[in-house]
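Peer 1: Model the placement of chain S on the given structure of chain Z, informed by the hints.
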Amino acid sequence: MLEGSVLSTEEFKAFAAEVVPFLHVTSRVEGEAHPDMLQEKGGRGFPYVVAMDSKGEVIGQIADRTVAGFRAMTKKAAEYVALAAKEKRTAAEELRYVVALHELNKVDVAEARKRVEALEGLDDAGKKERDQFLLVLDIRSAVEGKNPQAMGEEEKIALGKTFHEWWKAGREPTDQGAMQPFFIFMLDYAESAKDAELFEKALGKLREVFGPMPGAAGFFKRQDDRLAKLKEAAPPAEGGK
Amino acid sequence: MRGAWTAALAGVVLLAAAGSASAQQKSQEELKKLLDEKLAEPWVANGSWITDYEKALAESAKSGKVIAAYFTRSYAP
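Chain order of the listed sequences is Z and S. If you number the first sequence the way this note's numbering does, the last residue is 241 and the count never jumps. If you number the second sequence the way this note's numbering does, the last residue is 1077 and the count never jumps.
Here chain Z stands alone, though its shape is the one from the complex (with noise of 0.2 Å):
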């Protein structure tokens, strides 16, 4: 719990003077002041960590629970209100405002797609960051309005083949939200492929970045599972990427 560790900590404190720290404790006491705060800043549970700005407009989310965590989130909010105080943009802080903007949930998929597809004169740098986003984009297309735990075995392996065929093409996501489905979806095309090369590779890719999370020991000991009856069953594959 962040609350015994992280915000008790002297490293916090020293954080904490140089923002402004808010609290909000949704209490459901009689007359609370703002008791739906939480949802009205885009808050789905607890706990919820944004950086506002003095209207209270979100301008940042927290993507680590850490100090460390505490402090990209707000270094990234100023750069965000940098970014959209400027009259003109260059290209490559276009780019970063796009994705920032996408990032706080401003613009939908079809505006940032369009807007960044439009950008001219980004270094090579700036393209493959670009091509990183689309992808993104892309996943987050794939797989918007879905809920995992109530797909069909059906839908989630044709997601997951097609997936599969972008990864073969050369895509593959670094970013953390668009590494999960990518990666999961093909997990259960692989399984239905009885491909289970492919299927360790892309169990390594999430365990690289997902492996030490907390609370996530029990998806990957069901993975290996999976994983060591599917080498049971079938002979070595030709598969993998």
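Everything labelled a hint here was simulated from the structure, so no lab data went into it. Bear in mind that the values here come from a model prediction, so they are computed numbers and not experimental data. C-beta: ideal position from N, C-alpha, C; glycine also. Do not rely on the hints blindly, as some may be mistaken.
[Unchecked claim] List time: in silico SDA-like cross-link candidates among lysine to any residue, alpha-carbon distance up to 20 Å:
1) S/K1065 - Z/A16
2) S/K1038 - S/Y1053
3) S/K1038 - Z/E32
4) Z/K201 - Z/A233
5) Z/K76 - S/S1063
6) Z/K41 - S/W1049
7) Z/K55 - S/E1041
8) Z/K13 - S/E1041
9) S/K1055 - Z/K201
[Claimed, not checked] Derived DEER-like restraints, expressed as beta-carbon distance ranges:
10) S/D1052 - Z/R65: 23 to 31 Å
11) S/A1058 - Z/E11: 39 to 47 Å
12) S/A1061 - Z/E87: 18 to 26 Å
13) S/S1048 - Z/K221: 48 to 56 Å
14) Z/E87 - S/S1048: 35 to 43 Å
15) S/Q1025 - Z/A158: 52 to 60 Å
16) S/E1054 - Z/R65: 22 to 30 Å
17) S/D1036 - Z/T66: 25 to 33 Å
18) S/D1036 - Z/G211: 36 to 44 Å
Peer 2: Then chain S, alone, in the frame of chain Z:
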């Protein structure tokens, strides 16, 4: 997207509504007591948290600092 899939991976789904039933079963007196206890926890009491939203906005406008907002609850664990 990130939140939903992180939850899927961890096998944990946190919903804002979760715990509301138990909150409804508690009396206002109990809820008030839980709120007081929450605000007295060391991480709050020893921190520099502003719990008044309007004050936080005013402080941000005055100082030019970004607001780092933390949302939690007192009516359930």
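Peer 1: Now tell me if each hint is right for this structure.
Peer 2: Going down the list of hints, with the structure as the test:
Among the hinted pairs, S/K1065 with Z/A16 is consistent with the structure: their alpha-carbon atoms are about 11 Å apart, no more than 20 Å. Distance check on the hinted pair: S/K1038 and S/Y1053 sit about 18 Å apart at the alpha-carbon level, within 20 Å; holds. Restraint check for S/K1038 and Z/E32: the C-alpha separation of about 14 Å stays at or below 20 Å, so the hint holds. Among the hinted pairs, Z/K201 with Z/A233 is consistent with the structure: their alpha-carbon atoms are about 18 Å apart, no more than 20 Å.
Among the hinted pairs, Z/K76 with S/S1063 is consistent with the structure: their alpha-carbon atoms are about 18 Å apart, no more than 20 Å. Between the alpha carbons of Z/K41 and S/W1049 the distance comes to roughly 18 Å, so the proposed pair stays at or under 20 Å and holds. Pair hint Z/K55 plus S/E1041 does not hold up; C-alpha atoms about 29 Å apart against a cutoff of 20 Å. Taking the CA atoms of Z/K13 and S/E1041, the gap is about 15 Å. The hint holds against a cut of 20 Å.
Between S/K1055 and Z/K201 the CA atoms are separated by roughly 51 Å; this puts the pair beyond 20 Å, and the hint is violated. Remark: the range hint 23 to 31 Å for S/D1052 to Z/R65 is upheld by a beta-carbon distance near 25 Å. The supplied range of 39 to 47 Å is broken by S/A1058 and Z/E11, whose beta-carbon atoms lie about 27 Å from each other. Checked against the given bound of 18 to 26 Å, the beta carbons of S/A1061 and Z/E87, roughly 23 Å apart, stay inside it.
Separated by about 42 Å at the C-beta atoms, S/S1048 and Z/K221 break the suggested range of 48 to 56 Å. The hint said 35 to 43 Å for the Cβ distance between Z/E87 and S/S1048, and at roughly 36 Å that hint holds. Against the hinted window of 52 to 60 Å, the Cβ-Cβ separation of S/Q1025 and Z/A158 comes to about 44 Å, which falls outside the hint. Between S/E1054 and Z/R65 the beta carbon distance is about 27 Å. The supplied range of 22 to 30 Å therefore holds.
Between S/D1036 and Z/T66, the C-beta spacing of about 29 Å keeps the proposed range 25 to 33 Å intact. The beta-carbon spacing between S/D1036 and Z/G211, approximately 41 Å, falls within the hinted interval of 36 to 44 Å.
The structure does not agree with the numbered hints 7, 9, 11, 13 and 15 stated previously, though it agrees with the rest.
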